[in-house]
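Dock chain B against chain A, hints included.
Protein chains in written order, with my numbering: chain A, 1 to 430; chain B, 1 to 430.
If you are wondering where the hints come from, they were derived from the structure by calculation, not from laboratory data. Wrong hints could be hidden among the right ones.
No copy is singled out in the list; a pair is fine if it fits within one copy or between any two copies.
Restricting the straight-line Cα-Cα distance to at most 20 Å, the calculated cross-link-like pairs of lysine to any residue (SDA-like) are [what the hints assert, rightly or not]:
1. Lys75 to Met169
2. Lys83 to Arg121
3. Lys39 to Tyr199
4. Lys247 to Arg97
5. Lys205 to Val19
6. Lys71 to Gly181
7. Lys75 to Ala171
8. Lys205 to Asp21
9. Lys404 to Ser43
10. Lys205 to Arg325
11. Lys247 to Leu430
12. Lys57 to Glu304
13. Lys344 to Gly119
14. Lys344 to Asp109
15. Lys202 to Arg17
16. Lys305 to Pro265
2 protein chains.
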Amino acid sequence: MRRLTITDANFEAQFARIVNDRRESDAGVSRDVADILQKVRQSGDDALRDYTMRFDKHPLTADLTSWRIGKDQCKAAYDFLDKPVKAALEMAAERIRAYHAEQLPADRDYRDGDNVRLGARWSAVEAAGLYVPGGRASYPSTLLMNAIPAKVAGVERLAVVTPTPKGEMNALVLAAAHLVGVDEIWRVGGAQAIGALAYGTKRIKPVDVIVGPGNAWVAEAKRQLYGVVGIDMVAGPSEILVISDNKTDPDWIAADLLSQAEHDPASQSILITDDAGFASEVEDAIDLLGARIATRRTAHESWEKHGVIVIVDDLAEQAPPLANRLAAEHVELAVDDPESYFAKIRHAGSVFLGRHTPEAVGDYVAGPNHVLPTGRRARFASGLSVLDFMKRTSFISLDAEALKAIGPAAVALAEIEGLPAHAASVQVRL
Amino acid sequence: MRRLTITDANFEAQFARIVNDRRESDAGVSRDVADILQKVRQSGDDALRDYTMRFDKHPLTADLTSWRIGKDQCKAAYDFLDKPVKAALEMAAERIRAYHAEQLPADRDYRDGDNVRLGARWSAVEAAGLYVPGGRASYPSTLLMNAIPAKVAGVERLAVVTPTPKGEMNALVLAAAHLVGVDEIWRVGGAQAIGALAYGTKRIKPVDVIVGPGNAWVAEAKRQLYGVVGIDMVAGPSEILVISDNKTDPDWIAADLLSQAEHDPASQSILITDDAGFASEVEDAIDLLGARIATRRTAHESWEKHGVIVIVDDLAEQAPPLANRLAAEHVELAVDDPESYFAKIRHAGSVFLGRHTPEAVGDYVAGPNHVLPTGRRARFASGLSVLDFMKRTSFISLDAEALKAIGPAAVALAEIEGLPAHAASVQVRL
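So here's chain A without its partners, still in its complex pose:
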């Protein structure tokens, strides 16, 4: 953990180092991924069979259940859930659905002063693919957050791919898949699964958009296939920035900082406060709570390696500009007047206003998406939304009169650009 004070002589250099520190591993898997994608493109299901045996020790056989998890299995997993868990999942799904339904964009269709009819019409993609990691990072909440926007957008076919190492499945993910109505679940993972979704195989039909988190191989496969299909933003390790005065309970802030740290050793938790004593209380609380939780090893490693505490003089004045430079995935404003801080924050994935809004409610039940830009990408990127599963078709309609009004300008421009057929296509109609 590093502790910086804004009055330090070398504060600017230290803070700049934190801003520029990319915690993402460039694993150098680019060539291997390219090979895998090419094999899947050429050999389809045969390539999937080979890679799945090699990487997941799972045999894909003539028996279709070795390839696909059935809807009945998902329903059974859902029925088997404890009542409170089922209720919690349902509340989460319902709230996520409600928030995303309000994102649906409006079509446009209007006539302007020249009697030119213009507009834009939104429509959903036909098919979307969702990667669900195996092992520890396989979360039912991730399935809800990725699948529900697709369903709300109107995607007809939602295919999940997920590795089942040695045949093992995650019952909670299957239950969530049942809840949101996933159409297909394929037992393949890694770059090969992304290749199958993009190019299609005999068994797996191609999709138009691929979303969902994954390891370095999955991320690289998505990057390489960007343009063949649509993909969501490149995702790096999770981050939280907490801006707190000394009136919040230090235990609360400690839990918030640890809630990011426990995700991954590469996660980053940052506290900005104006009270060095309060900062020390938070540190102590982190040590106490951090020692007690089952995720302590990961949380400890993340906090030690990447944790930061910044002490400023004037919180309201100095914290927002620092926050904008960090452009963090999550920003908590644990202060009396969060609104005035929020007004000054331009770059952030999601903002949590006030002391009673821990980031974790956003991970599960608040409604907004928890798939958010990391690694300072909030400067230019947004969280996942229904728009990631939709596209816009613009349209133009002119009658002879309207063409007379604006056509000659098009002819003039086509001529100076040296495109005579463009000019002719307007000219012949005038």
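For chain B alone, kept in the frame of chain A given last:
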């Protein structure tokens, strides 16, 4: 040119081949581009100086004018324009601005039934970079179409990069840059210019989003930097699909088909009609007009290599499903009732309704963006818009009561996911 008839025994196979025919060259420049980007990242302006001398034969010296084109030069180019051209450019800019202003997204801020305050706030990126190719593909209309959405979005700094081979500049592009208020123009091109915009150098500050067309090196550089910055969609050769009955003047349709063909030998023009005789008249008209225009070599090569005519039995029934499979960049509906066709077309970049709406009006003056998805990407991608220069920050605000309502569900889900600090961050506040 290929001519297909829907009643042909092998029609499906032939049409599928056209759908799957990617006309994009995978130039295999990936390794070279990676090298260039790394050099620019390491050596900044020195690398730019070396590459610009090598590729553009343009010396970047201690004299700043060798690096930058000044605003005074742009103004001079603008003042020097012929009056009709100036008026045409101004009309185009004004109409593009008006259409894109209506795209500005609305913020959200509401309370739901549990008294949870939720919302989303849009903001512009701070800086955008725009690539303008040198040579033949350097068009003032491209500058307008890429720069105006950025300006409308509220981007503070808009930097253009453009190669000036042997020092040569395109006066029309400079004039357009003056018209829309470009902030900086740098005389660098190729992958090295994209690297400079993404990483920044001593002279060129980094940007958040890079847009604009370019050759294979530029496209690959953008692809490799996706995630470091935001980029617009990968672009391939242009396409037009014209759906026409036999009541449109064949000369009109011939000019429309040639207006795409003249862009590039790899462009594709497709006509779907229900009258074989009409199709032959269009073919003849293409031969006639095609022989007369200055772009005849390009247009001829494109039409011969990639042109397609499809004869169907029932235009209204059969053309829209074929159009959806092609998912073309531009779709013209030269029929009596374009509306009923449009209702059935789901995948298209932009649609031109009725006989008096040649695609070329959309290239210049109609208002909607002419940067549109190519190569069947209209299945999942949209044309350039203000949204490409903006991002959304979601927000959540709970008071103690609201946390009581939804917090326990978050705790339940955090516990089943094995994330105890997430659970604690809610629990300690309850």
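Structure-based check of each hint:
no.: 1; hint: Lys75 to Met169; verdict: within (14 Å within a copy, 65 Å between copies)
no.: 2; hint: Lys83 to Arg121; verdict: neither (42 Å within a copy, 36 Å between copies)
no.: 3; hint: Lys39 to Tyr199; verdict: within (11 Å within a copy, 34 Å between copies)
no.: 4; hint: Lys247 to Arg97; verdict: neither (35 Å within a copy, 48 Å between copies)
no.: 5; hint: Lys205 to Val19; verdict: between (42 Å within a copy, 16 Å between copies)
no.: 6; hint: Lys71 to Gly181; verdict: within (9 Å within a copy, 57 Å between copies)
no.: 7; hint: Lys75 to Ala171; verdict: within (10 Å within a copy, 66 Å between copies)
no.: 8; hint: Lys205 to Asp21; verdict: between (40 Å within a copy, 18 Å between copies)
no.: 9; hint: Lys404 to Ser43; verdict: neither (55 Å within a copy, 54 Å between copies)
no.: 10; hint: Lys205 to Arg325; verdict: between (43 Å within a copy, 15 Å between copies)
no.: 11; hint: Lys247 to Leu430; verdict: between (73 Å within a copy, 17 Å between copies)
no.: 12; hint: Lys57 to Glu304; verdict: neither (36 Å within a copy, 51 Å between copies)
no.: 13; hint: Lys344 to Gly119; verdict: between (34 Å within a copy, 16 Å between copies)
no.: 14; hint: Lys344 to Asp109; verdict: between (35 Å within a copy, 17 Å between copies)
no.: 15; hint: Lys202 to Arg17; verdict: between (49 Å within a copy, 18 Å between copies)
no.: 16; hint: Lys305 to Pro265; verdict: within (8 Å within a copy, 55 Å between copies)
Checked against the numbered hints above, the structure breaks hints 2, 4, 9, 12 and satisfies the rest.
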